[in-house]
Amino acid sequence: MHYCLGDYVLDIAQNAVEAGPREVVMDLDESEKGFHVSVRDDGKGMTADEKARALDPFYSDGAKHPLRKVGLGLPFLVQAVDAAGGNWALQSAKGEGTKVEFTFPSASVDSPPVGDLPSLLLGLLCLPGDHEMLLRRKGPRGSYELRRSEISEAVGGLERASSLALLKDYLASLEYDE
Amino acid sequence: MAKMTLEQLRKLREEKKMDLTRREVDGKEIQVIVGMGTCGIAAGAKKTFDAVVEAVNAAGLGDQVIIRQTGCMGLCYVEPTVEVVAPGMPTVIYGKMTYDFAKELVTKHLVDKKLLDDHIFDRPAADIMKK
Chain P
281 MHYCLGDYVL
291 DIAQNAVEAG
301 PREVVMDLDE
311 SEKGFHVSVR
321 DDGKGMTADE
331 KARALDPFYS
341 DGAKHPLRKV
351 GLGLPFLVQA
361 VDAAGGNWAL
371 QSAKGEGTKV
381 EFTFPSASVD
391 SPPVGDLPSL
401 LLGLLCLPGD
411 HEMLLRRKGP
421 RGSYELRRSE
431 ISEAVGGLER
441 ASSLALLKDY
451 LASLEYDE
Chain F
310 MAKMTLEQLR
320 KLREEKKMDL
330 TRREVDGKEI
340 QVIVGMGTCG
350 IAAGAKKTFD
360 AVVEAVNAAG
370 LGDQVIIRQT
380 GCMGLCYVEP
390 TVEVVAPGMP
400 TVIYGKMTYD
410 FAKELVTKHL
420 VDKKLLDDHI
430 FDRPAADIMK
440 K
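Protein chains in written order, with the numbering used here: chain P, 281 to 458; chain F, 310 to 440.
The reader is advised that the hints may include incorrect statements.
Heads up, simulated SDA-like pairs for lysine to any residue below, C-alpha to C-alpha not over 20 Å straight-line [said to hold, decoys possible]:
# : chain 1 : residue 1 : chain 2 : residue 2
1 : F       : Lys356    : P       : Leu405
2 : P       : Lys448    : F       : Lys422
3 : F       : Lys312    : P       : Gly422
4 : P       : Lys379    : P       : Arg348
5 : P       : Lys313    : P       : Ala387
6 : F       : Lys312    : P       : Glu310
7 : F       : Lys320    : P       : Asp457
Hints are computed from structural coordinates only; laboratory data are not their basis. No experiment lies behind these values; they were computed from the predicted model shown.
Work out the full structure, taking the sequences as your base and the hints as a guide.
Quick look at the structure:
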């Protein structure tokens, strides 16, 4: 199990990025009722059979580690959402892409803490690959959008530590506007 | 701090003159690779990533160090793991790289060029070893 909500988001986003997408679109929607997340990619997608197996903690598609005997990303998420009485959905079509959605209700004591948003956003933007990523954040302090290609261009790439530090400040300014 | 616009971000980058001090010498860059598979994330690798970014910049090495995320490196039992590729030093994979040790990694390994002996774990698990 992960410590905070952001950890689940990063875990699922990694799946999206590794599916070979051209674009990953993510919604991070925080309201009084709860935190709703949507991760959609236009990568390789799954058949109905693969989709069912993806939810099995003892299954991994073998793409990264051929001998691996576990695949815990989705099972961890499902377990956490179910424990908190939230809801989740997994849609996928082979060759078209996949969408994972989930909501953690605020009222539940079992919903994990949200965690540090700027840290999460930094992690999401830095996921390696040539894909585009669109992050749409709606929160108590307002809404904003981040486009990976634009951000990367503005800070001079997403690899050098100096660029990442600059980006972190930018993200903090969006989230904690005073 | 007030909300920055993208334009302000670009200006800030220019002011810091980061590109001028960037040394693009091939193969001489330092790479710090943080393991962020499910195992890493569960162990708090997100904080390790942040700590490394902070520590590298605090040590004035922001322009010379590349920080990357990767998936599981096969050392799930000692996550968070960090691989360090630095010229003149052996490539090592460190384990148990919590927030505090990430700072030590920068000052000891990258600046003083000394290995953190207690944290070296570089043998991956059998299921990711190449046959």
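For each hint, the structure was consulted:
no.	hint	verdict
1	Lys356(F) to Leu405(P)	holds (15 Å)
2	Lys448(P) to Lys422(F)	violated (27 Å)
3	Lys312(F) to Gly422(P)	holds (11 Å)
4	Lys379(P) to Arg348(P)	violated (24 Å)
5	Lys313(P) to Ala387(P)	holds (7 Å)
6	Lys312(F) to Glu310(P)	holds (19 Å)
7	Lys320(F) to Asp457(P)	holds (19 Å)
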